[in-house]
Structure formats: structure tokens, C-alpha cells
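Protein chains: 2
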Amino acid sequence: MHDIHPPRTIVLTGDRITGPLHLGHYIGSLRQRLKLQNEAQQYILMADMQGLTDNGATPEKVSSFLFDVAADYLSVGIDPAKSTLCLQSALPALSELTLLYLNLVTVSRLERNPTVKSEIQQKNLSRALPAGFLIYPVSQAADITAFSADIVPVGEDQLPMIEQTNEIVSKINHLTGKNILKPCRAIVGSVGRLPGSDGNGKMSKSLGNTINLSSTADAIQQAVYSMYTDPHHVNISDPGKVEGNVVFTYLDAFCEDKLLVQEMKENYRRGGLGDVKCKAMLNDILQSLLQPIREERQRLINDKAYLLNVIEQGTRQAREVTQRKLNELKSALRLLIID
Amino acid sequence: MHDIHPPRTIVLTGDRITGPLHLGHYIGSLRQRLKLQNEAQQYILMADMQGLTDNGATPEKVSSFLFDVAADYLSVGIDPAKSTLCLQSALPALSELTLLYLNLVTVSRLERNPTVKSEIQQKNLSRALPAGFLIYPVSQAADITAFSADIVPVGEDQLPMIEQTNEIVSKINHLTGKNILKPCRAIVGSVGRLPGSDGNGKMSKSLGNTINLSSTADAIQQAVYSMYTDPHHVNISDPGKVEGNVVFTYLDAFCEDKLLVQEMKENYRRGGLGDVKCKAMLNDILQSLLQPIREERQRLINDKAYLLNVIEQGTRQAREVTQRKLNELKSALRLLIID
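Chains F and B, in that order, are what the protein sequence lines are.
Note that the numbering used here has the first sequence beginning at 2, numbered continuously upward.
Note that the numbering used here has the second sequence beginning at 2, numbered continuously upward.
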């Protein structure tokens, strides 16, 4: 009998390991991964090597968060029986593919990558740009192609990465005359980036404006009650602005009763709805969302042996997959493979 | 009882695998390796990954010469029981170390590397510089440090590479607070570069001016008799120029009777010694040097299974050494090691 199941769609997703995950990750990617793990073969890459590309001189910023991030994943419902968690630095095929691909990508092509350009600016790296950071799109191409990912969930700003990956795919397939690498497709999340609680740009540990999955009830409440709203909305009866008002952005993201949020917005605009009332509601929503996550996370973080086991098992599985792809490419390039 | 032997000096040497080896390699490095293999722990890295850095689009230029180069080594007397032959692309730790080091080296530091700068010019790469080529000094640093080499034999033009390697050594040791990487020392060969038979620059396959270790007796003779001498030395009785005269450069390199060469030079300068006589002598010397090498080489190239075995054994040994160094560094960076 032949296998009548069509091949499962392969998804590669993951995070730079540079801190615990927060509500921005939850809305932007974790929720989607919970869905995807039931529909596809999902690999979640714990990207410590990528974390080091701009933390080369402070590696503890990366290494110290590995178990936190693993606990974050599992506490929101990522199921190691459905999703494969794996550690980037423990997958040598990814480094080997990166070095092979680097010979097919010019320096000027890397310098033109819009994502890298804007990140260099954001991180103020221009004067002392680490070479590892300049080439990280190639490293991502290695990640994506090593897993033969069909789909890569990304933010809008990461689209040039996918483009660069598919350029490498074309070059390699053309060069070897075989379809060794699979082109991938980006799926861009329907939800935009969650702003920080201060309303400034995106949620980011370094800006101190995050609500982590592990935040205490007090910390959540404090973050919500100090959220940026409309500075001109002084009295409850004043008309208020909803756009740029972080409380409403969060309500849009986290309140499931969309009709209620719509009514509140109208009320707020008209005048008559106070910030405190809105914040109390948001606080309730976030507390109910995060309490079970925090409790489960605490349980997990106390069971490091289990977390280690999950990472090890997944990484060994991923190692087989990525090693197979590397060997396929090496064979096509007629490089000698030595067991 | 304690081991009373001092640790052996470790030497790393090797060649980009981009063609069969020639007399330039023999004089510049192979002769020295024959000596070093009796005095030190010598690793000979068959650098196919480095060969790809400027042959990314023509990988067959690299892969097709692997057995040729192995046969070249053994035919001149490299002894696999004394020297460890190993294949760069089959040592994943080298790629992993390269990516780790790249985070500690800035792009502008790489762009300032004098060796890379002049090679970019020589190879006419400036318009489409492959990223792999720009970063190859870091890849070399990975090679050298992975083997904990004390000594690296290089040409004068490669000294900036050693400098860059030792910069990385300092950074890593400073960062980890441990002496994980060993600084290395260059030894620059006493013999300068052997010019091509046409007198133009160095011997190079692409210039078609090489005498390979595998060249036939006819090809050697033809190369010698068409060598560039002194174009103004028309009649035997004319005074001739020795400087820039390729025949004399080769006699200096290959004739063991230094006094005889000295006399011939004086005679040539004075007038009275013809080119044909000099060439006949050089031809005799090269024929006697290369005939046994060529025969042994032919025997070896017909025994691919043996060559493969030598490469495999050496590579497995090198894999242990390099993997151990990688794990030491990963531990110091507190990266998780998964077996």
C-alpha cells in the first residue's frame, strides 16, 4: 500500500534568544503557532546564534534566556509532540549551509537588504557593524532551506529576508541543476506590531515597556495603569482620541468582544468614558490571559530537566532533517561526505 | 608515572583545493612540510570550503581536484602516519567557529585586511565581491584556532591573516576570561615565490605557466625550454642578465650545487654561457626530481580507495580535535551542548 497522505506543509518559525517573551510575541506569533502546530509540521528554532550577531560581546544576554523562552513556549500551549523545538547553535548544518551560501551572495547585495539597513540604524551599529550581523539574512536562508520550510511567518519588515532566501534557492538550484532547495512563502501576520506600554514603537525589553508572559499580577496592573492614552483627555467628559491610544490598541488585540470595544471607542471619542474604566477592563483581560500561563510557566521553570529534555529531543530530530539537506547539497556540489 | 614528553608543537598548513599542486607549492611549502612532519604534530587542511569562496559558481573547480591534491601530497613524501590530512568541508566545527567569530569582527576591519584587499584587486572581484571571500580571514582564524596551532607557515603576503587571527584569539580569551584559544605564530618561508615559467608573477594554473608535480617529461622539457631568460642575450658571447631570468631563479631554487650556480651566473653575466646549456641543466634537475614523484603519484591516483581512506582517517581524527575546541568555547559562552 502506498502512503496516501499528502506531504505535510512545513513551517519554520522561531525567536532570537535575547530575553523572555512578552505580549508582543504572544499576539504577533505565539497565537499563530498554536494554530499552525495542528495544521503543519512546525519547527520552532531557538535562534541563539542569531541572538549573538549583535550580542557578540555579551553572550550571557543570549545563553541565560534559553530555559525562559522554552518555558514561555510550552506555557502558552506549544506542544512538543506537535511542534519541534530546536536549538540553532546545536545544528551544525545551519552554519555549514550559511558558509556555502555566502559564496553566492555579494557584499553589496547584503548591504542593500532593507531589513538589515534599517536594523543597523535602529541598533546604531553603523560604526562598528559586526560581520555576523551583516550576513544574518544568509544565515536565515540557511535555517529556512535546511528545514525545507514551505511557509515562514514573518512581520512585514522581514519580507526582504524571504526575498533574499528565495534568491539563494534559485541560485543553488540553477547551479546544481536540481531542485535541491525549496522556495518558501512568507505569511505576514494579520495583527500589526504591538506597541510598548509607553506608546513608543514596538515592545522591547531594552525600552523597558514590555509586559512579559512571566510578569507578576502587580507588574501587569502597573504597566496597564501607566499606559499612554490621550494626554488631552483630562476629564471623563472630554472627547478622547482612540488612535495612538495604547489602551485601545491593546483592547483591539486582546478583547474578544469586538462589538464592545467598538462601543467603548465611540463612547470615548464622544466623551464620557474615563481612562480608568478602560484600563480596569484591559487589566482584567490581561490578568485572566496571563495568570494560567504564568502558573504553568513557573511549574515548568522549576522542572529544568523536562525543559532540557524537550530541547534535546527536538534538536536531535532537527539535526537529522538539516543534516540530510546539507548532505544533499554537498553531494550535488560533489563535495566528499565523510561519516 | 607521568608523561615526561613536552607537548608537541602543532602546525597547521594546507592548500585551497583549486587545482593540482605545482613546483611553486613544492618549493614554497611541501619541502618544508616534509621536514615539519618529523618535528611537530602537523595537520594539512585540504581547504575545499576556502576554494569555494571565489569559485562559488563553479564548484567543480574545487571538487574535481581533491584526489589529485591528496596524491600530490603523498607522492612527495607526506606520510599519513606523521601528518594528518583532513578535509575542511567535513569539519563542521570550522564553520561553527567561523560564525561565532564573525560576531566579534567588524565589516570595516575585514575591508581593511591588506591581503584581502590585494586579492580582490588581483581577482578583479571588486564589483561582485562574494561575502564568503570577504570573510575568509575569519574562516582561516577558525581553522587555525580549532587545531590550536602554534605555528602557521605562510607566505609574506599572508601575514595580515595571522594578525587578524590573533586579534580574534585576544577577543575570545578576554570575553570568556579564559585562555581558550591559543595565539599562533607565522613562519615565513625562506624561499620567495617561484615565478611562472613565463616570468610573469607567480606560478598559477590560470596563467598557464605552471609545471605541475604530475607534468609529463615532455611538458617539463617544453616549459623549461620556453622559459623567459634575458631577451637581450642573443649570442652566447653576449653578456646576459641573471636578475629576472627565470632559468636562474629556478636553478637557485632547485640546484643543490650552489657553487656551480654561482659560477654559471658569473659566466652568464660576463658572456660565454648560452641559454640552451642552462636550460638543459635545469631540465635534467627537474626531470630527476619529478620522475619518481610522477610515478608514485600515478600509482596512487590509480588507488583511489587508499587515498579516500587516508582522507577519511585524517578527517575523523581532525574532527575530534576541532569539535573539542568548539565545545570548549561553547561552554565558556554558556551555550548548551547537545550530543
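FYI, nobody ran anything at the bench for these hints, they're computed from the structure.
It should be emphasised that the depicted structure is a prediction, and the values quoted were computed from it without experimental measurement.
Hints are supplied without guarantee of correctness; some may be wrong.
Since the list can't tell identical chains apart, any single copy or any two copies may satisfy a pair.
[Claimed, not checked] Lysine-lysine pairs mimicking DSBU-like chemistry, simulated, CA-CA at most 35 angstroms apart:
1. LYS172 <-> LYS118
2. LYS242 <-> LYS62
3. LYS305 <-> LYS179
4. LYS83 <-> LYS278
5. LYS124 <-> LYS179
6. LYS259 <-> LYS280
7. LYS242 <-> LYS266
8. LYS172 <-> LYS305
9. LYS62 <-> LYS183
10. LYS36 <-> LYS259
11. LYS62 <-> LYS179
12. LYS278 <-> LYS172
13. LYS172 <-> LYS206
14. LYS278 <-> LYS305
15. LYS124 <-> LYS183
16. LYS83 <-> LYS266
Here is what the structure says about each hint:
{"no.": "1", "hint": "LYS172 <-> LYS118", "verdict": "both (23 angstroms within a copy, 26 angstroms between copies)"}
{"no.": "2", "hint": "LYS242 <-> LYS62", "verdict": "neither (39 angstroms within a copy, 66 angstroms between copies)"}
{"no.": "3", "hint": "LYS305 <-> LYS179", "verdict": "between (44 angstroms within a copy, 27 angstroms between copies)"}
{"no.": "4", "hint": "LYS83 <-> LYS278", "verdict": "neither (40 angstroms within a copy, 81 angstroms between copies)"}
{"no.": "5", "hint": "LYS124 <-> LYS179", "verdict": "between (39 angstroms within a copy, 29 angstroms between copies)"}
{"no.": "6", "hint": "LYS259 <-> LYS280", "verdict": "within (16 angstroms within a copy, 94 angstroms between copies)"}
{"no.": "7", "hint": "LYS242 <-> LYS266", "verdict": "within (9 angstroms within a copy, 95 angstroms between copies)"}
{"no.": "8", "hint": "LYS172 <-> LYS305", "verdict": "between (43 angstroms within a copy, 32 angstroms between copies)"}
{"no.": "9", "hint": "LYS62 <-> LYS183", "verdict": "both (33 angstroms within a copy, 26 angstroms between copies)"}
{"no.": "10", "hint": "LYS36 <-> LYS259", "verdict": "within (21 angstroms within a copy, 81 angstroms between copies)"}
{"no.": "11", "hint": "LYS62 <-> LYS179", "verdict": "between (41 angstroms within a copy, 19 angstroms between copies)"}
{"no.": "12", "hint": "LYS278 <-> LYS172", "verdict": "neither (57 angstroms within a copy, 54 angstroms between copies)"}
{"no.": "13", "hint": "LYS172 <-> LYS206", "verdict": "between (38 angstroms within a copy, 27 angstroms between copies)"}
{"no.": "14", "hint": "LYS278 <-> LYS305", "verdict": "neither (41 angstroms within a copy, 81 angstroms between copies)"}
{"no.": "15", "hint": "LYS124 <-> LYS183", "verdict": "both (32 angstroms within a copy, 32 angstroms between copies)"}
{"no.": "16", "hint": "LYS83 <-> LYS266", "verdict": "neither (39 angstroms within a copy, 80 angstroms between copies)"}
The structure does not agree with the numbered hints 2, 4, 12, 14 and 16 stated previously, though it agrees with the rest.
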